[in-house]
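Peer 1: Spelled out from the first residue to the last, the chains are:
2 protein chains.
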Amino acid sequence: MNAINLADKLATFAEHWQPRVVGQFNGHDLMVVKVKGEFVWHRHDDTDDFFLVLSGRITIRLRDGDVSLGPGELFVVPKGVEHCPVADEEAQLLLIEPTGTPNTGNAATAAPRHIV
Amino acid sequence: MNAINLADKLATFAEHWQPRVVGQFNGHDLMVVKVKGEFVWHRHDDTDDFFLVLSGRITIRLRDGDVSLGPGELFVVPKGVEHCPVADEEAQLLLIEPTGTPNTGNAATAAPRHIV
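Taken in order, these protein sequences are the chains called A and B.
Counting from 2, one number per residue, gives the positions in the first sequence under the working numbering.
Counting from 2, one number per residue, gives the positions in the second sequence under the working numbering.
Excised from the complex, chain A in its bound form (with noise of 0.2 Å):
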């Protein structure tokens, strides 16, 4: 057993909305992610969404107000919150979510999980 990197895993790939699995956790997938620009307005009506970012910074959009994110900041939101993330410049990102939780919060249109 060893210790996971996260900056060892972000370095594997540039794209940007496409998790990377780098653990598991009580049923629920560790994800690192690179974002830049802004994602789609989506919901989870099951699962709490987990958002810690590693650099950067990053806006999650609700519907009543924005949360502002940088280094060693984190938040979740709430299971059925609507919630759009954007980036003006490029951040990385751990996501935690329950294994198989599609990322836009639609099975049609989320991103493919890959393992690093």
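If you're looking for bench data, these hints aren't it; they were derived computationally from the structure.
Incorrect hints may appear among the rest.
All copies of an identical chain are treated as equivalent in the list; a pair is satisfied when it fits inside any one copy or across any two copies.
Calculated pairs, DSSO-like style, for lysine-lysine (alpha carbon to alpha carbon, straight line, at most 30 Å) [what the hints assert, rightly or not]: (1) Lys37 with Lys80; (2) Lys37 with Lys10; (3) Lys80 with Lys10.
For chain A, the structure is supplied; the task is to place chain B on it using the hints.
Peer 2: Just chain B, lined up with the frame of chain A:
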């Protein structure tokens, strides 16, 4: 709803091995903790144990070897696996465990849950 700044939360206390709850995620507590020295050997029969190092270094001793972690590295101790975290110098961690999990694996010896 606001971002949770982990460094700000860590600045509110000094005690070692006394996790502070900073948020909730899918029935889990998100916690920050300062550690130094050797904890106790323990296991959690019902949950994996998530460690992400924010600063410093820790070693997670396992019965079949050690895992060493620095900043930006994470490790998940599988449920039921005995482990003993150790830090030669102070380290700061993000921990995730189901709400109510005793940090020693035993309610009688666990640290109380503080919320910051």
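Peer 1: Taking each numbered hint in turn, which are not upheld by the structure, reported in ascending numerical order?
Peer 2: none
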